[in-house]
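Using the hints, build the complex out of the two chains.
Take a look at the letters that make up each chain.
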Amino acid sequence: MPQKITTDMSVATIIELTPDSVVIMNNAGLKCTGCNVDTTKPLKNFLKSFDEKAVDKLLDHLNKLKQTSSEPKTPEKKDFKLHEIIEGNKRYYKIAGLTFTESAYKNLHQLSEKRGLRIRLVTGGCSGFKYEYDFYDQPEANEKTYQLSDSMAIYMDDFTFDRSYGSVIDFTIGLHSSGLQIINPRKKRACSCGTSISF
Amino acid sequence: MNDQLKDHLHKLINQADVVLFMKGDKYIPQCGFSAKVVDILNEFEIDYSTFDILADEDVRQGLKEYSNWPTYPQLYYKGELIGGCDIVCEMYEAGELEKLLK
Chain W
1 MPQKITTDMS
11 VATIIELTPD
21 SVVIMNNAGL
31 KCTGCNVDTT
41 KPLKNFLKSF
51 DEKAVDKLLD
61 HLNKLKQTSS
71 EPKTPEKKDF
81 KLHEIIEGNK
91 RYYKIAGLTF
101 TESAYKNLHQ
111 LSEKRGLRIR
121 LVTGGCSGFK
131 YEYDFYDQPE
141 ANEKTYQLSD
151 SMAIYMDDFT
161 FDRSYGSVID
171 FTIGLHSSGL
181 QIINPRKKRA
191 CSCGTSISF
Chain Z
1 MNDQLKDHLH
11 KLINQADVVL
21 FMKGDKYIPQ
31 CGFSAKVVDI
41 LNEFEIDYST
51 FDILADEDVR
61 QGLKEYSNWP
71 TYPQLYYKGE
81 LIGGCDIVCE
91 MYEAGELEKL
101 LK
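Residue numbers (the working numbering), protein chains in the order written: chain W, 1 to 199; chain Z, 1 to 102.
If we strip away everything but chain Z, and leave its shape as in the complex, we get (with noise of 0.2 Å):
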């Protein structure tokens, strides 16, 4: 990968404590696993960020690359790939997600 995309993804990550890596954004997601990652946010009513990667190919195969994770949504905090809706999911119903973000 060059230099200029590994940068700019570095970027793209650390825009805010939280980004969301989905198909669409928060307003309109195109994917139910996206909607889903989504929801979860929206219920606790903090600040996110969130990224459509349909509108981009580099930063959808790139992103990809950089995580070594294959798939989307992919849920960022402070820089670090949380993981993806099941993680989000898992973590949301343990309640550890809450205490993570909030």
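Just chain W, same shape as in the assembly (with noise of 0.2 Å):
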């Protein structure tokens, strides 16, 4: 059932309702997606120069747009057991949804220094989400904590372990960047340097 765009909603639930609502706003001059805006505030906050004519056509745009089913399709258990697996002359480490490569899993243990590594997807970023990542000692009150082995730990909210079911994290060496990468397949549109993504 598709969801009424108004102007109280915030410019994250719009975005996760329809990412292609990112290109709308934009083209009509609102500055409401990019690396430090809070799209937890509702789109009315970012009209405040548009008049009543301007700020109609757009809702009218945006409420034409297909909405995608806000609900990520994932499974009911929540997987905390590492798996292994070996696919050709590779291998890989499976925990709570996410594949780790051989690359991901020895690089995080080097640098981690026995902290646990903090996944988290945020609201922000040219695109409407980008993924945060960073070595801590303990997960958050509404993190969920998976092992992916006795040294090192993943830390992860419902929210982010709900959106990236499915993903491959690697970590690549190169001559422009160099770090980790987390491929979403769910992914529906990124921006050019790909740090920012929607669904």
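Simulated from the structure, these hints should not be mistaken for laboratory data.
It is possible that some hints are incorrect.
DSS-like, lysine-lysine: derived pairs with alpha carbons at most 30 Å apart [to be verified]: (1) W:81 - W:66; (2) W:106 - W:81; (3) Z:64 - W:81; (4) W:57 - Z:36; (5) W:81 - Z:6; (6) Z:6 - W:94; (7) W:64 - W:90; (8) Z:23 - Z:102; (9) W:4 - W:57; (10) Z:36 - W:106; (11) Z:78 - Z:6; (12) Z:78 - W:41; (13) W:4 - Z:6; (14) W:64 - W:94; (15) W:106 - Z:23; (16) Z:11 - Z:23; (17) W:44 - Z:23.
Next up, the structure:
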């Protein structure tokens, strides 16, 4: 059942309902997506310089967009156990619906200094969502702990878990960018550098 | 082609009901056509094996000769070559692929 988009809805909710809204809103001149924008604020906060006619036109357009199901398809059972798999001649480590490459497994262990890795999907960035990740000693209250190994924990809240299930986590060393890569197969749109995505 | 390679290829093709010879593997595809076939197979949620032909030059060249098919990806079902990305996509659109594999 498509939901009616109103100016009271947060930008984050609108983006979740229909990722194409990012393009529409940007084209209309709203500055409601971007690296430091708080998309939990309602749409009307970004329409201060718009007259009534322009607002109606925008809402009209947004409500014509096809809405994706806002319920991500995730298995009910939360995957706490580690599975090691061999595909061809490569080894992968699967836990919590995430598949870690050998490079990610090795490099994370080397860098972590026995801390855990928090992976969090937040609203923000040019396309609506982006991943934040860093090493921490403890999980937050709303996060679950998944043991990648005896010495390495992964901390994820349910919001991130539900939208990241099926992702591949790689660690690349290259000329231009090195570091953790989270390859989420569900993403429908990404900004040009790939940092920000939407579904 | 020597018998050893022929046996090896035969074993690889028959290692599972559904086997995809591709560039990269199912987790990290390394070419758009291979990635497309992986997407389709993932959608069906069936078990399948992938083989990274970029990691094995003997298989990469040998299989082309063995099956008389010049390109990758190559999808096999129960030891039979189904085809490459074009054929797989056509069959997928027509509903035939799902019927065959599921």
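Now for the hints, and whether the structure bears them out:
1. Straight-line distance between C-alpha atoms of residue 81 of chain W and residue 66 of chain W comes to about 37 Å, which puts the hinted pair past the 30 Å bound.
2. This hinted pair checks out: residue 106 of chain W and residue 81 of chain W have alpha carbons roughly 19 Å apart, not beyond 30 Å.
3. With a CA separation close to 40 Å, the supplied pair residue 64 of chain Z and residue 81 of chain W exceeds the 30 Å bound.
4. Taking the CA atoms of residue 57 of chain W and residue 36 of chain Z, the gap is near 37 Å; set against the 30 Å cutoff, the hint is violated.
5. Distance restraint check for residue 81 of chain W and residue 6 of chain Z: the Cα-Cα separation of roughly 39 Å exceeds the 30 Å cut-off, and the hinted pair is therefore not satisfied.
6. Distance check on the hinted pair: residue 6 of chain Z and residue 94 of chain W sit about 33 Å apart at the alpha-carbon level, beyond 30 Å; violated.
7. A distance of roughly 46 Å separates the Cα atoms of residue 64 of chain W and residue 90 of chain W; the hinted pair therefore is violated under the 30 Å criterion.
8. Pair hint residue 23 of chain Z plus residue 102 of chain Z holds up; C-alpha atoms about 24 Å apart against a cutoff of 30 Å.
9. Distance check on the hinted pair: residue 4 of chain W and residue 57 of chain W sit about 14 Å apart at the alpha-carbon level, within 30 Å; holds.
10. A distance of roughly 29 Å separates the Cα atoms of residue 36 of chain Z and residue 106 of chain W; the hinted pair therefore holds under the 30 Å criterion.
11. Distance hint between residue 78 of chain Z and residue 6 of chain Z is fulfilled; the C-alpha atoms sit about 17 Å from each other, no more than 30 Å.
12. With a C-alpha separation of about 54 Å, the suggested pairing of residue 78 of chain Z with residue 41 of chain W is violated against the 30 Å cut-off.
13. Only pairs whose Cα atoms come within 30 Å are accepted, and residue 4 of chain W paired with residue 6 of chain Z is rejected, the gap being roughly 61 Å.
14. At roughly 40 Å between alpha-carbon atoms, residue 64 of chain W and residue 94 of chain W are farther apart than 30 Å, so this suggested pair is violated.
15. For the hint linking residue 106 of chain W to residue 23 of chain Z, the alpha-carbon distance of about 23 Å falls within 30 Å, and the restraint holds.
16. With a CA separation close to 19 Å, the supplied pair residue 11 of chain Z and residue 23 of chain Z stays within the 30 Å bound.
17. For the proposed pair residue 44 of chain W and residue 23 of chain Z, the alpha carbon gap of about 48 Å is over 30 Å, so the pair is violated.
Hints 1, 3, 4, 5, 6, 7, 12, 13, 14, 17 from the list above are not met by this structure, while the remaining hints are.
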